[in-house]
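Engineer: Fit chain B to the known structure of chain A by using the hints.
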Amino acid sequence: NAGVMQNPRHLVRRRGQEARLRCSPMKGHSHVYWYRQLPEEGLKFMVYLQKENIIDESGMPKERFSAEFPKEGPSILRIQQVVRGDSAAYFCASSRNTGTASSDEQYFGPGTRLTVT
Amino acid sequence: AQKVTQAQTEISVVEKEDVTLDCVYETRDTTYYLFWYKQPPSGELVFLIRRNSFDEQNEISGRYSWNFQKSTSSFNFTITASQVVDSAVYFCALRGGNTPLVFGKGTRLSVIA
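Residue numbers (the working numbering), protein chains in the order written: chain A, 1 to 117; chain B, 1 to 113.
The hints are all genuine.
Below 20 Å or equal to it, Euclidean Cα-Cα: the simulated SDA-like pairs (lysine to any residue) are: (1) 44(A) - 85(A); (2) 44(A) - 96(B); (3) 3(B) - 58(A); (4) 38(B) - 87(B); (5) 38(B) - 18(B); (6) 44(A) - 48(B); (7) 105(B) - 88(A); (8) 44(A) - 99(B); (9) 44(A) - 113(A); (10) 44(A) - 5(B); (11) 71(A) - 96(A); (12) 38(B) - 11(B); (13) 16(B) - 76(B); (14) 44(A) - 3(B); (15) 44(A) - 84(A); (16) 38(B) - 88(A); (17) 38(B) - 110(A); (18) 105(B) - 87(A); (19) 27(A) - 68(A).
Read the hints as simulated data drawn from the structure, not as lab findings.
Pulled out of the complex, with its shape left as it was, chain A reads as follows (with noise of 0.2 Å):
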């Protein structure tokens, strides 16, 4: 039974260009949200997806960034012209259910380690 998968795990970019992150959530699993960990930092939300739908993004920067979960796979951040101060280590979790059910775990994957140089 895989646990969510990242890929790529390092991703190094040059000033200006773009960066796509990938997330498979795990088997079962229709939610997933974004963390961003910067240096020395814990990790602050991001987005909040479920398939083909965007419920919360209040933690994503205005520009640049976005966010889609397809109905077919994987879930995707996609970050344009990135430049030195977006990296970081972007953490993405699936969850099997949530609403009210706060309960819900959120199951982590290994995280991927972009670098902007």
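Structural biologist: Then chain B, alone, in the frame of chain A:
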């Protein structure tokens, strides 16, 4: 707004010592969940425990124990007889209602042989 404070940025202990990591939280929700995660040097996040706001019983799992006190809004984590493999960053997190996880900034624990 929800907030998690881990006042200890870094702690160093000698192997076999006991160590307590503090976590204080703020929330207006009456139902909420508290979590601890471990992040070893390899970088992944390892789930340690989840506790709901209605269950104030302390929990013990091997060398790990958790002390949840609603009166002081604290959810402290104690490692007994620490080992070098316990060296990691430990995060306390909170989730209430229909909200995402809110993490503290973490405490870096170094256990020295």
